[in-house]
Each structure stands twice: as structure tokens, then as C-alpha cells.
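Sequences are here, hints too, so could you generate the full structure?
Just so you know, the sequences run in chain order A and B. Under the working numbering, the residue at position 165 of the first sequence is numbered 165, and the numbers go up by one with no gaps. Under the working numbering, the residue at position 188 of the second sequence is numbered 1188, and the numbers go up by one with no gaps.
Hints should not be assumed to be uniformly reliable.
Unchecked claim - Quick list of the computed label-pair ranges, beta carbon to beta carbon:
| no. | chain 1 | residue 1 | chain 2 | residue 2 | range |
| --- | --- | --- | --- | --- | --- |
| 1 | B | D1006 | A | Q186 | 51 to 57 Å |
| 2 | B | V1109 | A | F23 | 52 to 58 Å |
| 3 | A | Y106 | B | S1318 | 55 to 61 Å |
| 4 | A | Q186 | B | E1120 | 29 to 35 Å |
| 5 | A | E182 | B | R1129 | 34 to 40 Å |
Claimed, not checked - To spell it out: a stretch of chain B is covered by chain A in this simulated footprint if at least three of its residues, at any positions, have a beta carbon under 8 Å from a beta carbon of chain A; those stretches are:
| no. | region |
| --- | --- |
| 6 | 1084–1093 |
| 7 | 1103–1114 |
Rather than coming from a laboratory, the hints here were simulated on the basis of the structure. Beta carbons: idealized from backbone N, C-alpha and C, even for Gly.
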Amino acid sequence: MSAVVTTQLAERRSSLLVTVLAFAAPVIFVLVPLAIFLVYSFFSVDQGTIVYAPTLGNYVRFFTDPIFLPVFWNTIVLCVSVAVICILLAYPAAYFLTTLRGRWRYALLMLLLVPLLMSYVIKIYAIRSILGLNGFLNKALVAIGILQQPSTLFVFNMNAILLTLSLLLIPFAILPIFLSLERIPQTLLRASDDLGASGLQTFLRITLPLSLPGVASAASFVFVLAIGDFLTPQMVGGTSGFTFGRILYSQFGTAYNWPFGAALSVALAIVVICAILIGERFGRSRGTSV
Amino acid sequence: MNQNPDLLTLRSVSKSYGTVAVLHDIDLSIRDGEFLTVLGPSGSGKTTVLRLIGGLEPLTTGDIRLDGQDISRMPINKRPFNTVFQDYALFPHMTVSGNVGYGLSVRHVQRKEIARRVAEALELVQLGRFADRFPAQLSGGQRQRVALARALICRPRLILLDEPLAALDLELRRQMQEFLKSIQREIKTTFLFVTHDQEEAIGMADRICVMQAGHIRQLGTPHELYYKPNCEFVARFFGENNLVAGKLGPVQGEQRPIETALGRLICSITDQPHLKAAPEGASAFAAFRPEALHLADATDGDNRFSGIIADLAFAGSSTVATIKAGADNAAQRLRLRTPSRIGGSALRSGETVALSFAPHEGHLVLA
Chain A
1 MSAVVTTQLA ERRSSLLVTV LAFAAPVIFV LVPLAIFLVY SFFSVDQGTI VYAPTLGNYV
61 RFFTDPIFLP VFWNTIVLCV SVAVICILLA YPAAYFLTTL RGRWRYALLM LLLVPLLMSY
121 VIKIYAIRSI LGLNGFLNKA LVAIGILQQP STLFVFNMNA ILLTLSLLLI PFAILPIFLS
181 LERIPQTLLR ASDDLGASGL QTFLRITLPL SLPGVASAAS FVFVLAIGDF LTPQMVGGTS
241 GFTFGRILYS QFGTAYNWPF GAALSVALAI VVICAILIGE RFGRSRGTSV
Chain B
1001 MNQNPDLLTL RSVSKSYGTV AVLHDIDLSI RDGEFLTVLG PSGSGKTTVL RLIGGLEPLT
1061 TGDIRLDGQD ISRMPINKRP FNTVFQDYAL FPHMTVSGNV GYGLSVRHVQ RKEIARRVAE
1121 ALELVQLGRF ADRFPAQLSG GQRQRVALAR ALICRPRLIL LDEPLAALDL ELRRQMQEFL
1181 KSIQREIKTT FLFVTHDQEE AIGMADRICV MQAGHIRQLG TPHELYYKPN CEFVARFFGE
1241 NNLVAGKLGP VQGEQRPIET ALGRLICSIT DQPHLKAAPE GASAFAAFRP EALHLADATD
1301 GDNRFSGIIA DLAFAGSSTV ATIKAGADNA AQRLRLRTPS RIGGSALRSG ETVALSFAPH
1361 EGHLVLA
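Right, here's the structure in full:
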């Protein structure tokens, strides 16, 4: 009798242990660092050393200093633009993929995703050489007569960041859109045809609305990845392409003001969380899971 | 019914996928206003027939004519037919009324008119209260009725139903059968109903087209198919049947004997000229239904043989006996169905009995 009770107790204890471990990992590796950042954002720096006394100074500085809010806003606009460009380019590609049959479909999908396997830095260097004053893009535009001479329109500025981020992040947009398109049952499209809809009507009224969850998650993916990126602006942005990520990076680097950097990251994190929530809200469409 | 003109005619229609032929030279006429059921086991090509008519797939050869006009090349969205799909294929992001009104709104019918006809259609399928629900919030039977309302709102010439009841449980299926039939009577539209369930086919159809292996085996009323099957496949597939192999004897007016392991059996050949024409000695089957077989009494002269009752099964309203007959009471298995009685069956398992069926209740099927 008592033996049975002890084994039951032991079982319960081991299952409890598993539960604790399962929750412990995300808590220790994700939530605790975030909490530390939050706490740091209320400290200050004096003569290169951190003063551990609570203050709202960092946040006051963020909202009052004429530098930070405009950069913050411009960065958000930039990343929304990147998301829009990625969606506009990725949707037709993903749609084309779903029209292919069997093996071709996945072979081509893999091909589109291959850039993800390459080093980020190498890709940025490659794009930089395409965008440069003597790069492929300028030479091509001059050669076909659109430009008289190489333009600086996309050399080391905001435009360069926009183009580079869009190119880098397109695979992240293709995948969720492709998956949501692929999940639409073919019989729904046949039913629409059967009820007299034209190809365009079927696309606009059935395919497009049913693929919006994928579009929403693609957009939030791209936006979050773009806004957190400081390396790309650093490498292709030059002096005029100044983004929030670069300011953040400098606070932890050259400026050596960790508490202020932490306050800026909190602001960034709030935007990211909002983007994810919005993506999640639209990613769940009514009744799609029949 | 017989005077109704043909609505749709399939002429030597065949369909192949690559080198695999799934339909071989089908000829089929669908009459205006009838409830035609295409019945066959899986792989018989019955769904392909429906998909070809609906325009979901192109045909390989032959043509399909609507009122005499060739529509084989007409695109799916121009055909005046609507389909009720097997899995209903309701649009998950639209409400019930959105789904039902879809066919009208893609034709740019005015909103007021759409609202009126949607309400009318939902009334017809008794779903008026559910207009604002989403398909995910409905039960299987309700989704089924939405799919039906969506198909009939455009007033198609023909409604194609692809095993629409397959996913429902038995009780609901029975209700839906009656419901479909009553709707069909009410709107007087031609229904083409595909199923593998012969009970469903008997209960609903004006005419049944039995298919097997890409061929039409027989087309006729349920009564004709049941009592005058024209081949072994139909005789076996359609309802329970006793088939006894033998050789045909000489024609005797409206009857013809067949020499079998149970002796000489005399069967009716009324209205079946091909049986009259068949040569003597040809291989054939004597076919008689379990309910036609009965214990022989003194007055029974023809079609008399003995057998041993191997098994008795009580099946509610009737009791089914499995009988071994023929040489050594082992050569032939037969079934006998009698109405059940409260006092128990007169039959005893293991008993040897004399059996008989009336010549007019037996028929012949060429092998």
C-alpha cells in the first residue's frame, strides 16, 4: 500500500520536474534578460560608470531630445516600407509557386530560400557592390539609357538601406505567404468557378482573403527583422542613412551608455511587440479551420 | 416522366488520364426534371462523369450537348450547372448568406435582389436563422444544406451532387435523402446524384445509371434494375440476390428454362428480347431475390429443390436464412428472407427443407 503511494509520489515529482524545466529555459534565457534590460533603463551613467539609482532621465531624454524621436519615426516608416515592398514582391512569387505541380514547386521554393543559407555579411557586401556608384545597377541603368551618368540615389543612404533590407528579407515573406496559399483547398477555387466567378473574381474574393493570414505574418516577420537590424544600415547607410538600430548600437558601443541604450531598446521592444500582436490579430482569420 | 425531353446528352464520351482510361465511350441522356442517380463502386468512373459535365475536367473524346448544343468546350463558369461538392467546399471566410449569395454577386446582381433570393433559398433549406453564422459554426447536415442552397440559387438547369451525404451519419443521411428529394420536387430542377450507396440510389432516384470500370452497365428505374438486371454485375451489385449458374434451355413463350445444379429452373423473360435471342446452351444465371424464395408446399411444381438451413439471422423486420443447396447440399449458397414473427421463425437451423420460387419472380442474366 505505502509502496504504491511512494511510487505515485515519485512519479508526480518527476513530472513536476519536467514541467519546471520546460518553463525554466524560456524564463531564464528570454524573460530574465528582458527584465534586466527593463531595470537597467531606469539607471544612469556618470563618468563612464553605471549609477544604480532609479531615474526616469533616460525616457525623458528620449522624448525631449530632438534627435531620437524623428529617427525612431523614420525607422518605423522605413521598416513598414520594407515590409510593403517585400509583400508586393513575394506575393506574386509565392502565388506562382502554388501554380506549379509536384516536384517543381518545392525545387523552386528551395531555390528561393537558398539565400537564407548564406552569411548575412557576405550578402550585404554583395548587394553593396551592386548598389555602388560603379555597381551593377548603375552600370545597367546607364547602359540602357535611363541614366546619363551613375546616380548617387541609392549609394550609402536611406534608399540603399531600403533596397538592401528588402532583398535580404524577401525569403521571410515568401514562405508564410506560400504556406497560406498552399493551404487553401483546391475545391474552394473549383466551387467558385462552378458558381460562375471569373478567374479574377475567384482570386480577389477567395484566394486573396484566405491568404491574408500568411500576408499578415509575413509582414510582421519582415518588419520585426528589419527594425532590429543595425548591421545593414551600418554597412550600406553611410552617414545619411541613420536608423534607430544604429543609435542603439552606438549606445552600447562607442557612447557607452548602457542604461540609455536599454531605454531605447525598451521603446523598440514595445514597437516590435505591437507589430507581432497586429500580425497575430490579422493572422487569425475567422472560421478558416473548418 | 417519359415524355420529358432530354436536357443533356453525352455521346461516346471517354476520359483518359495519360494512358489510363477511366471512361470508355459513355452514352447517357439526362431528362429534364428527373432525379438521375449514377451508382457504382469506387473507381467505376461515376465521379468523372459528374466532373466532365460540370466542366471541372476536359473530356478526351466525344461531346456533351445541352438542348442539342455542344458545350464540351464551354468553360466551367459559363455552364448553367452548379455542383454540391462532396466536402461541401463552403467558403470559410464568408457567412452562410455570403456563401449562398456568392453565385449571384459574381454576376453583379443587385444587392436587394441578392438579399431577397438568399432569404428565399435559406427558407427553402430551412436555415433562415443561420444566415449570419460562419460555416465553422454549423453542423455537417447544416453545411450540407448551405451547399445545396448555394448551388440552387442561380437556378441552374442541372444540379450535380457528388456523394454529398457520404460524410453524414446514418440517421442524418436518411433525413437528408428525403429532404433532397422533396426539394427536387419543389424546384423541379434536374438532379444528377453520384453515390456508391445502392440503398440511397433506390430511395431517391427516378432513374439509376449503374457504372462499373468506366462503362455504363444499365440505366433504368430502380424497379427495372431490381427485377430485370441485364448483367451479372448489376444483379449482384444492386440489392441482395441469389444467382445460380447454368445453361439456357429452349424458349417457351415468355419463359425460358435453365439447367443448373439445382435442377431445371424456369424463369420469366418478359420484355427482355436479348434473352429470347440468346442461343440454347449459352451460359447464364438464374437470379431470384431472397424474398422470392420460400418453403415449398404441395402446389409448387416448378423450381422446386431442397437445401439445408446453414444459418438463421434475425434482422429486425425480416429473418434471413442462409441455405446450402445443390449436390450434397453444398454446391450453392442461397439466401431466403421471410418476415419476422413474434413467435419466432418456423425455420430451424440444420433442417433440410424443400424450397421454391415462382417462375415469374425469377429472371435470367447472361454470363
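A quick look at each hint next to the structure:
One distance hint, 51 to 57 Å for the beta-carbon pair B:D1006 and A:Q186, is violated here, with the actual separation near 32 Å. The beta-carbon spacing between B:V1109 and A:F23, approximately 56 Å, falls within the hinted interval of 52 to 58 Å. Remark: the range hint 55 to 61 Å for A:Y106 to B:S1318 is upheld by a beta-carbon distance near 56 Å. Our hint of 29 to 35 Å for A:Q186 and B:E1120 holds, since their Cβ atoms are close to 30 Å apart.
Between A:E182 and B:R1129 the Cβ separation comes to about 36 Å, which falls inside the hinted range of 34 to 40 Å. Only residues whose C-beta sits within less than 8 Å of a C-beta in chain A count toward coverage, and the region 1084–1093 of chain B has 7 of them, enough to reach three; the restraint holds. Figure legend: the region 1103–1114 of chain B, annotated as covered by chain A; annotation consistent (3 residues with Cβ-Cβ distances under 8 Å, at least 3 required).
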